[in-house]
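Colleague: The lines below spell out each chain.
There are 2 protein chains.
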Amino acid sequence: MYRAPVEEIAFTLRHVAGLAGALESGRLGELTDDLVDAILTEAGRFATEEIAPLAEVGDRQGARLANGEVTMPDGWPALYRAWAEGGWNALTAPPEFGGQGLPHMLHVAALEMWNGGSMAFAIGPTLTIGAVEALAAHGSAELKAKYLPKMVSGEWMGSMNLTEPHAGSDLGALKTRAERRGDGTYRLFGQKIFITYGEHDFTGNIVHLVLARLPDAPAGTRGISLFLVPKFLVGEDGAPGRRNDVHCHSIEHKLGIHASPTCTMIYGDGRFGDEPGAVGWLVGEENRGLACMFTMMNNARLAVGMQGVAIAEAATQKALAYARERTQGRAPGRTGEGMSAIVEHPDVARMLLTMKALTQGARAIAYACAHAVDMAHTTEGEESRHWAERASLITPVAKSFTTDVGVEVASLGLQVHGGMGYIEETGAARLYRDARIAPIYEGTNGIQAIDLVTRKLPLSDGRQIGSLIAELRAVAAEAGTDPALGETGPRLEAAVADLEAATAWLAAALAEGRQAGALAGATPYQRLLGLVLTGCYLAKGALAEAGDGRRDERRALCRFFAENLLSEAAALRDRVVSGAASLDAARVVLG
Amino acid sequence: MYRAPVEEIAFTLRHVAGLAGALESGRLGELTDDLVDAILTEAGRFATEEIAPLAEVGDRQGARLANGEVTMPDGWPALYRAWAEGGWNALTAPPEFGGQGLPHMLHVAALEMWNGGSMAFAIGPTLTIGAVEALAAHGSAELKAKYLPKMVSGEWMGSMNLTEPHAGSDLGALKTRAERRGDGTYRLFGQKIFITYGEHDFTGNIVHLVLARLPDAPAGTRGISLFLVPKFLVGEDGAPGRRNDVHCHSIEHKLGIHASPTCTMIYGDGRFGDEPGAVGWLVGEENRGLACMFTMMNNARLAVGMQGVAIAEAATQKALAYARERTQGRAPGRTGEGMSAIVEHPDVARMLLTMKALTQGARAIAYACAHAVDMAHTTEGEESRHWAERASLITPVAKSFTTDVGVEVASLGLQVHGGMGYIEETGAARLYRDARIAPIYEGTNGIQAIDLVTRKLPLSDGRQIGSLIAELRAVAAEAGTDPALGETGPRLEAAVADLEAATAWLAAALAEGRQAGALAGATPYQRLLGLVLTGCYLAKGALAEAGDGRRDERRALCRFFAENLLSEAAALRDRVVSGAASLDAARVVLG
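In the order they appear, the protein sequences are chains L and B.
The first sequence begins at 1 in UniProt numbering and counts up one residue at a time.
The second sequence begins at 1 in UniProt numbering and counts up one residue at a time.
Do not take every clue at face value.
[Unchecked claim] Restricting the straight-line Cα-Cα distance to at most 20 angstroms, the calculated cross-link-like pairs of lysine to any residue (SDA-like) are: (1) 146(B) <-> 285(B); (2) 146(B) <-> 220(B); (3) 175(L) <-> 239(B); (4) 175(L) <-> 456(B); (5) 175(B) <-> 239(B); (6) 456(B) <-> 332(L); (7) 175(B) <-> 332(L); (8) 175(L) <-> 285(B).
These aren't lab readings, by the way, just hints derived from the structure by calculation.
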């Protein structure tokens with residue numbers, strides 16, 4: 001059973017991601033070390049004791065639809081209420097609406113743990129928090145006053161309605177229609193698919209944020225507006241009243257996260273109300289809906305990244321426990337009687353160490369990204385701009401590398417279990433199934449790579465990625481001074497050089513208009529950046545004096561990563577700088 | 001829907017794996033090119049038209065157990081009968097028992113296609129064919145006369161009973177007990193788990209081959225005997241009579257291959273018959289059971305390898321079809337109206353080309369392995385010994401690289417589908433689930449790597465791997481002469497050098513007693529060999545003049561592989577030669 005890795009998380013936040021410095025600087029207000037520990041401990045306790053025990057029943061029963069209503073698995077509505085009553089939904093929300101306004105670093109740490117307990121559970125609240133952010137940033141005072149307090153308290157949940165059958169990665173193609181009424185309201189008509197937690201029995205109302213197009217809107221992404229469409233219209237008294245003309249038509253039968261209802265939502269077909277049309281209110285300005293969504297998209301991407309970290313952690317814990325217990329054969333050097341625990345076999349140890357290193361690297365990347373978000377919010381001027389850029393730069397990697405790691409580690413974890421891994425009751429298969437959505441939703445990892453290469457590398461004319469590379473090179477140099485880290489220093493320096501070479505190649509390709517070439521290298525580049533960040537963050541952790549008696553372990557894991565896994569960096573650089581021509585030529589194979 | 005790739009298979013058999021030469025040499029008896037084409041076409045037709053349409057219902061319904069009896073999915077018993085009546089079970093079986101004695105190359109080609117139609121279906125017959133092999137090689141004349149004709153015709157199926165709860169990879173630990181009776185029969189008592197097709201309603205009898213231990217047997221693997229235990233005892237008239245004391249206690253709820261019943265079998269608990277004990281007959285000699293199993297284990301491993309190839313092919317077909325149809329965004333260079341098919345986006349093209357190249361490489365490795373098996377059977381003396389060694393050397397790679405590729409390609413295929421890939425109805429998720437067992441069963445891929453490094457590399461004092469490397473180097477040199485292959489020649493030469501260096505390092509480690517170091521490098525080495533074989537076989541195909549108008553495509557795919565994917569070889573070599581020390585040191589992390 002999953003146990004929230006509170007100590008490892010606290011260590012990573014403080015000594016790798018930058019929380020210690022941020023606390024010292026006084027930027028995080030009244031937040032103290034003790035409070036950080038208290039929050040992490042309690043979030044971890046909730047994940048371990050409340051969420052994790054309900055993960056299996058959630059997977060088995062799934063969310064069930066009947067007559068347009070979704071019934072959640074046994075025990076889940078109570079779980080949600082306990083979670084909301086714990087104040088967790090309010091962690092980062094604005095204090096004026098009941099939130100605690102805590103740093104994003106704590107939020108993602110808590111997210112990691114809740115997702116570790118059950119990804120299908122944590123994704124729901126995650127979306128509500130995203131809806132709160134969008135509304136807080138762009139909603140009118142009236143909308144905020146009416147909806148935010150109840151969304152922050154968790155009394156109501158939110159949902160994000162973007163995708164349509166022909167508009168997924170390309171939102172410009174969406175067709176849902178919004179008509180103006182004279183009274184400041186709109187009527188929405190259309191169909192949305194893949195709407196996570198679009199319908200459920202957790203809360204008495206659901207606040208849908210919906211992208212739609214006005215009749216006179218320009219084509220493409222510049223003609224998209226954002227609307228708030230509640231499931232139940234809210235009266236003057238603030239209580240849910242009559243049903244709005246929106247309903248859940250069907251839910252998807254998915255590979256994993258079975259308890260997360262993935263809904264097809266129908267707006268305005270006349271099922272409810274006197275005349276067809278779902279009543280909606282504009283959020284932000286007309287035709288500026290995509291900009292409103294972008295506000296929260298970075299955070300949503302990081303939140304999905306936490307799912308990758310969480311699944312990787314859960315899979316590693318499970319596999320390690322099994323490998324310590326299960327005995328088969330005799331490992332080299334074994335002298336005693338009987339069989340060895342399989343953890344003693346070098347090949348199994350390789351799998352487990354790979355899992356450990358990738359999980360920790362993914363975690364550090366995600367937390368470093370959250371740190372940059374917090375720094376951008378708590379600094380000003382040039383400094384704030386730098387940190388906002390840094391967050392922007394790392395976000396695609398914090399979404400993609402982490403979620404790829406989630407799949408990779410879950411697959412290794414299943415393998416460690418041998419035949420038992422393939423049996424659903426063991427639980428390793430659930431992690432493998434759940435993990436697989438994260439590289440897809442909230443922008444596929446391929447879309448992240450395009451974003452990274454075409455929009456993030458050019459930030460400040462390349463100086464942002466340049467400053468990151470300089471920092472990484474400094475870590476590599478420092479790693480070279482610690483003999484306990486073996487070849488880590490030189491290996492990291494070589495990998496940073498690979499990253500720099502690949503970056504330069506992509507910059508030149510973009511500058512010279514070789515768009516296809518740059519895009520061909522985007523995914524290998526993204527992985528390369530993730531690997532180099534992993535190596536440097538493992539080294540940063542290994543170099544830190546935390547006084548917790550685990551430094552030798554961190555050094556050993558860092559060295560393992562540097563001397564075993566980092567060699568992939570050169571291959572990735574090669575793919576970026578030499579791969580595009582043959583990729584282009586080989587399109588003939590694809591007909 | 002899956003379409004058996006008959007032409008690609010025929011090309012690979014002839015021009016890459018060596019079928020053309022074997023046919024020319026006259027070694028394959030009366031087999032002609034026309035007959036090969038006819039068999040492949042008809043096996044492909046059966047896979048495409050009969051098996052594939054039932055894959056989805058098989059996955060959805062699964063095998064169902066009630067009262068010890070397994071009911072197969074709707075339409076599946078008729079499918080099996082049609083398959084057996086088509087004579088497919090008899091393809092490679094000995095002619096004296098009704099078989100056609102055809103080369104193994106044709107068998108694995110047919111296996112690929114049947115598994116492409118449905119892996120859950122093809123695994124059943126595969127095991128029967130394995131049981132036929134074991135019985136033909138080691139059974140007494142009486143046993144063979146009684147059972148083989150009906151097993152070869154497919155009237156009865158077989159099953160292989162090896163694993164027990166504490167004896168998986170380590171069969172020496174098995175506890176199932178066999179007691180001698182004075183009449184030449186034995187009585188078996190014990191429990192077997194993970195028994196594929198241990199119970200079903202395809203056939204009127206099931207012939208279980210069971211590993212068990214005699215009371216006076218030595219401990220470990222030298223005390224294991226093999227027994228034939230029919231579900232129904234067979235009378236003098238050859239008809240199934242009374243029920244033997246063996247039954248299916250439960251079936252597993254698995255991640256995938258739902259229609260393949262994975263049974264816990266109970267032997268001798270007294271449920272059937274007058275006194276407890278399942279009646280069995282010895283196959284081969286007492287205490288030599290493992291040797292009997294090894295006879296067929298290589299072929300069974302290759303058969304599982306075909307599952308990897310098959311799933312990879314099916315996933316590639318499905319993803320490519322989707323990518324040609326689905327439109328999103330605008331690919332670089334697009335000038336027309338509207339959105340581009342996603343296949344035009346470089347990142348999607350990279351995924352699909354990677355899938356294509358790995359699938360074709362895995363196929364070629366498996367067929368080359370089958371070719372070696374056929375050569376060993378049809379040559380004599382030193383030549384036969386060479387080919388038997390070659391088959392032995394390649395088998396672990398033909399099982400592991402192929403099945404890892406199956407998982408990797410199925411995962412990429414799911415990703416190409418975006419959100420639709422995560423929906424079960426699309427079918428990409430089924431391939432991802434089905435694929436995941438193949439790296440585990442029939443010896444985990446880690447066990448294959450141990451076998452490769454500790455037992456196969458030392459064959460003929462290293463001269464067998466040496467001769468393979470020399471052949472690969474020659475292909476690399478030839479590739480260097482074709483300008484259409486771009487950098488393929490030098491890239492392959494470098495990769496072959498990496499393989500040679502890793503081989504030498506492992507040989508030295510074994511010679512110097514550094515067993516743990518050699519085992520630490522086993523899995524990366526296995527992947528390295530698979531990658532280099534893939535590159536060389538793609539080149540061999542690209543250099544061949546098949547006159548089918550597809551040479552340019554083969555050249556382009558080969559070049560893509562060499563210039564994009566082969567760069568992993570250096571990283572793998574590095575892991576083998578530099579990774580062991582840090583892996584060993586990092587065991588402290590695993591507690």
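Colleague: Now tell me, hint by hint, if it's right for this structure.
Modeller: Right, here's what the structure says about each hint:
1. At roughly 19 angstroms between alpha-carbon atoms, residue 146(B) and residue 285(B) fall within 20 angstroms of each other, so this suggested pair holds.
2. Distance hint between residue 146(B) and residue 220(B) is unfulfilled; the C-alpha atoms sit about 31 angstroms from each other, more than 20 angstroms.
3. Under the criterion of a C-alpha separation no larger than 20 angstroms, the hint pairing residue 175(L) with residue 239(B) is inconsistent with the structure, at around 67 angstroms.
4. For the proposed pair residue 175(L) and residue 456(B), the alpha carbon gap of about 61 angstroms is over 20 angstroms, so the pair is violated.
5. For a cut-off of 20 angstroms, the pair hint linking residue 175(B) to residue 239(B) is broken: about 31 angstroms separates their Cα positions.
6. Of the pairs offered as hints, the one joining residue 456(B) and residue 332(L) holds, with about 18 angstroms between alpha carbons and a cut-off of 20 angstroms not exceeded.
7. A distance of roughly 24 angstroms separates the Cα atoms of residue 175(B) and residue 332(L); the hinted pair therefore is violated under the 20 angstroms criterion.
8. With a C-alpha separation of about 74 angstroms, the suggested pairing of residue 175(L) with residue 285(B) is violated against the 20 angstroms cut-off.
Hint compliance for this structure: hints 2, 3, 4, 5, 7, 8 are broken, all remaining hints hold.
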